[in-house]
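K.L.:
Protein chains in written order, with our numbering: chain A, 1 to 141; chain B, 1 to 97.
No lab work stands behind these hints, which were simulated from the structure alone. Hints may be right or wrong, so weigh each one.
[Unchecked claim] Straight-line C-alpha distance at most 27 angstroms; calculated DSSO-like pairs for lysine-lysine: (1) B:Lys51 to B:Lys16; (2) A:Lys98 to B:Lys42; (3) A:Lys3 to B:Lys16; (4) B:Lys42 to A:Lys75.
[What the hints assert, rightly or not] Just a few of them, taken from the derived set where beta-carbon distance is under 10 angstroms, the chain A residues facing chain B: (5) Val48; (6) Glu62; (7) Leu64; (8) Ile81; (9) Cys88; (10) Asn99.
[Claimed, not checked] Away from chain B, derived, C-beta distances all over 10 angstroms, residues of chain A: (11) Met1; (12) Asn120; (13) Leu136.
All C-beta atoms in this analysis are idealised placements derived from N, C-alpha and C, irrespective of residue type, glycine included.
Okay, here's what each chain looks like letter by letter:
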Amino acid sequence: MIKIDRGPWREMVNHAQAVYPNECCGAMIGTIDGDNKTVSEALVLDNVSAGSQAARYELRPEDLLRADREARERKLDLIGIYHSHPDCGAYFSETDLKNSCPWYSFVVLSIQKGHFDHANSWLPNAEQTEAQKEELIWPES
Amino acid sequence: MARILIPTPLRQFADKNDTVDLPGKTVGEVLTALTARFPDLKKHLFNDEGKLRSFVNVYLNDEDIRYMKKDATPINDPDTLSIVPSIAGGFDWSSRG
Chain A
1 MIKIDRGPWR EMVNHAQAVY PNECCGAMIG TIDGDNKTVS EALVLDNVSA GSQAARYELR
61 PEDLLRADRE ARERKLDLIG IYHSHPDCGA YFSETDLKNS CPWYSFVVLS IQKGHFDHAN
121 SWLPNAEQTE AQKEELIWPE S
Chain B
1 MARILIPTPL RQFADKNDTV DLPGKTVGEV LTALTARFPD LKKHLFNDEG KLRSFVNVYL
61 NDEDIRYMKK DATPINDPDT LSIVPSIAGG FDWSSRG
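Isolated chain B (complex conformation) (with noise of 0.2 angstroms):
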């Protein structure tokens, strides 16, 4: 079991819950049913290919799943995942007037 915090601007596709409490012994069970439960999250999470998009980041605790097991990192009661976008950006030097 684990907790999901669900980001602000995707409320509206999880029936409004801020938080979700879903079964899962892995990161990525979590995630399936996450999606299992609230289907139009899913196109909001991963790609046409069944990827996490490039800009989606999940985190189990503190720790970002990309450096422990990814999918098959383990839920240990009651942790919490959360999903943080990456983000970045800045001007094209071709555009300075």
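Isolated chain A (complex conformation) (with noise of 0.2 angstroms):
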């Protein structure tokens, strides 16, 4: 399970529809306890994919050193990446998949025209062949 708190889902969200029509990207931060994770703030990162962003987001692997780095200065645990679908469902994609890493919790936004829709997280596998839907908590949920 993993439980976004109100501060950091504020800023995922208002990320997500900043960016609309484009993908945004980041990485969450907090605490794990078991199974139980806790996102206690949220790090917006560049999102450097090459070409249209409209349907396609890549994050700076120096960005999450960098995320990596604050979280262990704070004592917390460098948990998950959010990223946003525009126009689209918060489902993990073919393209999710490829490029993922089954080290993090995968948090997806669906903003449809604007604004926020709703939002699923996912654990993806080492071989990127399927992703598990993880249970998901945010303050409105």
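Dock chain one against chain two, each of which comes alone in its own frame, and use the hints as you go.
P.N.:
Quick look at the structure:
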């Protein structure tokens, strides 16, 4: 289960709506207790995908390295990655899967006509062949 | 000797350590020492052919080793090795409703 606190959730939704109709991306930082993850901070990161970003995102590994260092300095953990699907459902696409990493939770926000609609969290496997849905709790859910 | 920063989800395979100091004169030697000490880590970092998984990047301090000498990149105490994934994605136009 992954629970997102109000502050980071607002940051993620605002980010996703601000960059609409493009995709946004960022990192989620917080604490892990067994299978229970709590996101206490969202880090807005650049989408560096070349070409149109309406249906693509890419993170700089250097930005993830920085996010991990920031988390360590605060005695927190890098828990996952978020990104948006403009005018599309919060499913885990084939492109998401083929470019994923099994170590983190992947939260997808569906933005419909510029406004948040719904979200899901996914746990991809190491072979990048499938992703399991993870229970996701956000403030208004 | 190098300090390896273990990503949170992999610490369960490294006796819950968030950092590990290991000997080695090159990046390859240090990574070999890492999986020798924590064998359960190996399948998370390397594929069946013994190569780093496609989404795994290794940084020596702030530099990606792919742009240095890869596994042969020399280690100078007190270097830090970080394991950082490549992540991208996006939806398929055909699924847009």
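K.L.:
Checking hints one by one. Is A:Ile81 an interface residue toward chain B, by the C-beta closer than 10 angstroms rule?
P.N.:
The hint holds - A:Ile81 has a Cβ within 10 angstroms of chain B, the shortest such distance being about 6 angstroms.
K.L.:
Would you assess whether A:Leu136, listed as outside the interface, keeps its beta-carbon beyond 10 angstroms of every beta-carbon in chain B?
P.N.:
holds, 17 angstroms
K.L.:
Would you check whether A:Asn99 satisfies its interface hint, that is, whether its CB is within less than 10 angstroms of any CB in chain B?
P.N.:
holds, 4 angstroms
K.L.:
Just want to verify: A:Asn120 was marked as not at the interface with chain B; is every Cβ pair farther apart than 10 angstroms?
P.N.:
holds, 12 angstroms
K.L.:
Under 10 angstroms is the threshold here; is the Cβ of A:Cys88 close enough to any Cβ of chain B for the hint to stand?
P.N.:
Holds, about 4 angstroms.
K.L.:
Are the Cα atoms of A:Lys3 and B:Lys16 separated by 27 angstroms or less?
P.N.:
holds, 23 angstroms
K.L.:
Can the restraint linking B:Lys51 and B:Lys16 be considered satisfied, given a maximum Cα separation of 27 angstroms?
P.N.:
holds, 24 angstroms
K.L.:
A:Lys98 and B:Lys42 were given as a pair; does the straight-line alpha-carbon distance stay at or below 27 angstroms?
P.N.:
holds, 21 angstroms
K.L.:
Decide if the proposed pair is consistent with the structure: B:Lys42 and A:Lys75, CA atoms, cutoff 27 angstroms inclusive.
P.N.:
Given that 27 angstroms is the threshold and the Cα spacing comes to 26 angstroms, the pair holds.
K.L.:
Does A:Glu62 pass the interface hint, meaning its C-beta sits closer than 10 angstroms to a C-beta of chain B?
P.N.:
Since the shortest Cβ distance to chain B is 7 angstroms, the answer is holds.
K.L.:
Taking the least C-beta to C-beta distance, is A:Val48 closer than 10 angstroms to chain B?
P.N.:
holds, 9 angstroms
K.L.:
Hey, does A:Met1 actually stay past 10 angstroms from chain B on C-beta?
P.N.:
Given that every Cβ of chain B is farther than 10 angstroms from that of A:Met1, nearest at about 15 angstroms, it holds.
The structure meets every hint from the earlier list without exception.
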